[in-house]
Amino acid sequence: MQSSGADRVRRLLTAAAGALLAALMALVLIVGFRLATRIRANVALLQRASLLETYPSALSQQLTALRERLGTLEYTGGVHQELADSVAGFDRNLAALERRPGVDRPVLRAAGRLWKAYTPVLAPVLAYSGEPYSDTDFGSSLSVSGKIYYTQVRRAELFAQSSAPALHRRLAALSAALQKRTSSAASRLRLLLSVGVLAVLLLGAAAAYLQLARSRGERAARAAEEQTRDILHTVREGLFLLDADYRIGTVWSQALTHLFGREDFAGLSFEELLRDKVSPATLATATKYIKLLWGERAHENLMKSINPLGQLEVILDNGRGGKETHYLQFNFHRVVGPQGVKHVLCTVADITSNVMLARELHEAQESAHSQIDMMVSMLHSDPLQVGGFLDTAAAGLKHVNAILKEPARSHAEFSRKLTGLARELHSIKGEASALNLMSIAQRVHHLEDMVEELKGKSELTGNDFLPVVLKLDELLAHLRAVREVILRLSTLKDGPPSPDGTLSSPILRLRGAERASGAEELAATLQGLARKLAEDHGKPFTLSLEGLEAVPVAYLPTVKDCLIQMLRNAAVHGIEPDAVRRAGSKSATGLVRVQFRRLESGCELVFEDDGAGLSPETLKEAAVRKQLLTEEQAAELDNRSALALIFKPGFSTRTEVSMDAGRGTGMDVVAKAVYALGGRIGVSTHPGRFTRFKIALPAPSQTAVA
Amino acid sequence: MSSGTPLDRRPVKLLIVDDSNIVRRRIERSQQFDDLQVVGTAANGFEALELARRTDPDLVTMDLTMPQMDGIECITQLVKLKPALRILVISALADKATAVEAMERGANGFLNKPFSDRQLNEAIAELMY
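Those sequence lines, one after another, are chains R and A.
Following the working numbering, the numbering of the first sequence begins with 51 at its first residue and continues without gaps.
Following the working numbering, the numbering of the second sequence begins with 639 at its first residue and continues without gaps.
Please note that a few of the clues may not be correct.
Claimed, not checked - Derived DEER-like restraints, expressed as beta-carbon distance ranges:
| no. | chain 1 | residue 1 | chain 2 | residue 2 | range |
| --- | --- | --- | --- | --- | --- |
| 1 | A | ALA722 | R | LYS341 | 55 to 65 Å |
| 2 | A | ILE660 | R | TRP344 | 31 to 41 Å |
| 3 | A | PRO752 | R | GLU413 | 48 to 58 Å |
| 4 | A | ASP673 | R | GLY311 | 53 to 63 Å |
| 5 | R | GLU413 | A | ALA722 | 42 to 52 Å |
| 6 | R | ARG647 | A | ARG667 | 41 to 51 Å |
| 7 | A | ASP673 | R | TRP344 | 52 to 62 Å |
| 8 | A | ALA722 | R | HIS308 | 40 to 50 Å |
| 9 | R | ASN689 | A | PRO752 | 47 to 57 Å |
| 10 | R | TRP344 | A | PRO752 | 51 to 61 Å |
| 11 | R | GLN277 | A | ILE660 | 28 to 38 Å |
As the list claims (entries may be wrong) - The calculated DSSO-like cross-link candidates involving lysine-lysine, where the alpha carbons are at most 30 Å apart (straight line), are:
| no. | chain 1 | residue 1 | chain 2 | residue 2 |
| --- | --- | --- | --- | --- |
| 12 | A | LYS720 | A | LYS751 |
| 13 | R | LYS467 | A | LYS720 |
| 14 | A | LYS718 | R | LYS744 |
| 15 | R | LYS722 | R | LYS467 |
| 16 | A | LYS718 | R | LYS455 |
| 17 | R | LYS744 | A | LYS734 |
| 18 | R | LYS373 | R | LYS448 |
| 19 | A | LYS751 | R | LYS582 |
| 20 | R | LYS392 | A | LYS734 |
| 21 | R | LYS354 | A | LYS651 |
Keep in mind that the hints were calculated from the coordinates and are not lab data.
Don't be surprised by glycine CBs; every beta carbon is placed ideally from N, CA and C.
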């Protein structure tokens, strides 16, 4: 990355050097070509000049030969013709030289002048065309014209003999000049050729260097590529780049294959990568987030802090044909170039084991906390009360177990099973929170959530109940732990525990004066619950209890269950927030009154709160919403029957579920318990003033009292 | 922290939007910038919009869960009203989807409740200086 600038400079330099050398080569070739052409032309001129050099002596000789032939009366035609050819040749060659550049002009002109002097003497010789000999009886002799011809030839011969050396000297000088030029051009050509060879050598060296550098670069690139491949194959995180179209680039780490069970990542959009793995809502958020990464507003730290894919739950194939839940951690880093964000680098890691570990740690911590909470609440509560609760809870859970073991086939049967479960759990939770045993209450609440989830399912099988059974086991284990703690605490207070270690041991049962009667225990439980409810819901109210000591022992558990439920309902639905109470000119503190009386015909339990009262219309709406009634049925219902709706199973006016109310289980449990004892329950109300429940129970039978 | 600010050191006008009185006071007290001036506090989205029109703030701290008009809706409207406004979301919602949603609507920063004074000041500094 860093050396790319230096690389570019080097490449530019080598290119410039190459271009320079190539230009030099071209220049050498052009100049060389021109020099060669000139040398060739010079050589041709030189040849001509050399030829010319031979003419003066040749002319002298020809003239001599002609004179001798005339003297000996021989045939002269051939020599005459040769002479004419020589003169014409001299003229032609001289003219040819005159037009050529590079010929020494003064010398040429001097030679021309000398040659011109030949003309007057040569012209009569060349013009002669008569018969030089005349034949007589005495033999042949020169004719008159022949004698003149002889004289003219003799004169020309003498002139030529005297002029030839001068002319020859001039012509030789001409040749010499040309010779010199040619040889200088030749030496220049030699020099040029040397330069050319040198340039070729340099060019070759440069090419070799370049080739070497390039192959070294290629080797380095190959090595880098190999390293990249090794990294991408070995790294345990999924690595890839997203482009501005939110698509994955061509380079990605092998780990992605294991994480997503596919190979076709290049060009895949981020949305496609996650589509079948996460919920549509998560997918939409993820897509928005990715878009934000390209924006200007996104600081790296801010984007990191709102990363919605920091711990993404996905369903992946486990490679054995099944599905597994995994937790993936996506991290995004923006790759910023001069024109803004170029890519987003994504890393994906499977953090399932980390998440699991963190969860286990958290649970362990929670459990430690709840143990401490439990100890603290134990210290503040009466072990007898807790013991009583544990007995009730154990009985209740046994019931739950029994419900779970009931065979069921149809959906309706499963549904009934669930309703039974929900009721049992609800009453256990109520008591647990009344005793401030939040660790137990929370566990039961969790179980209720599971049951609630099952209720929402359209198809139910026995397998659906398995998680509930497991959770139930956990709860039972917790209850045992609570027993253990109780036992230890009582040991602290009273000495060593009994060998069998049960709560019904005399140590807890026989605590002399401290031992509370059933009624006192009930009163304490209710007051504790009232305080807690008032605090939790921010609705201060007073609980007034009358006549609880008159409750027959046989009815105590039922009365207790019913009162706990009604108390919770009163705190959640009945008593208004203090602002509302003040506005309605009521005292800020609410009042809940419980009265128990023995009558001749049996017993009567009155539960009354001075809260908002019940509105028949609201109840009807809730019943329609819960699909317990159709709109038409609701419209026809009179107020009395509308009020009775609250005793129907599955009825609740609260839409959101809290620990105390809203699951739709409550008054139906109360009603069912009352009916089980052969009693009746009724409700009366005045909007804004009160709600009053009256429970009539028959006189307890003798056997039940025992 | 405030060194290197632009030459026109006009105070940054801050509008605090949160339905909790306690949180509003908390934010008001924790800010340590001399050139930050609280121009208003609002308890819901409607009040926030009204105050934003009147006081022309530069920075808004925005709660998300509020009665009447929630934070997300309020951000949308505020951005329409004043595109240059910087919005710091301060929310107890741990839900990242909401944070992403807020950012998409035009928020500029995000701070989780509970926060320390230092965290708040850093978040403001990052947005404004």
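Query raised in the report: Is it true that the C-beta distance of A:ALA722 to R:LYS341 lies inside 55 to 65 Å, as the hint says?
Result: Because 21 Å falls outside the window, the suggested range is violated.
Query - Range agreement (Cβ of A:PRO752 with Cβ of R:ASN689, hint 47 to 57 Å) - result: holds, 48 Å
Report task. Measure nothing beyond the straight line between the CA atoms of R:LYS467 and A:LYS720; if it is 30 Å or shorter, mark the hint as holding. Result -> At roughly 59 Å apart (the allowed maximum being 30 Å), A:LYS720 and R:LYS467 break the hint.
Query raised in the report: For the pair A:PRO752 and R:GLU413, does the Cβ-Cβ distance stay inside 48 to 58 Å?
Result: Violated: the Cβ-Cβ distance is about 24 Å, outside 48 to 58 Å.
Query raised in the report: Between R:LYS744 and A:LYS734, does the CA-CA distance stay at or below 30 Å?
Result: The given pair, whose Cα atoms are some 50 Å apart, is violated under the 30 Å limit.
Requested in this report: Could you see if the CB distance from R:ARG647 to A:ARG667 stays within 41 to 51 Å?
Outcome: Because 58 Å falls outside the window, the suggested range is violated.
**Report entry** Distance restraint hint 52 to 62 Å, applied to the beta-carbon atoms of A:ASP673 and R:TRP344
**Finding:** violated, 32 Å
Requested in this report: Measure nothing beyond the straight line between the CA atoms of A:LYS720 and A:LYS751; if it is 30 Å or shorter, mark the hint as holding.
Outcome: Answer holds: A:LYS720 to A:LYS751 is near 26 Å, not above 30 Å.
Query raised in the report: Do the Cβ positions of R:TRP344 and A:PRO752 conform to the proposed distance bound of 51 to 61 Å?
Result: With Cβ atoms ~32 Å apart, the hint is violated.
Report task. Given the range 53 to 63 Å, decide if the beta-carbon distance of A:ASP673 to R:GLY311 lies inside it. Result -> holds, 56 Å
Requested in this report: Check the following: the C-beta atoms of R:GLU413 and A:ALA722 are separated by a distance inside 42 to 52 Å.
Outcome: holds, 48 Å
Query raised in the report: Is the straight-line distance between the alpha-carbon of A:LYS718 and that of R:LYS744 30 Å or less?
Result: violated, 60 Å
Figure legend: structure checked against the earlier numbered hints; hints not met, in rising order: 1, 3, 6, 7, 10, 11, 13, 14, 16, 17, 18.
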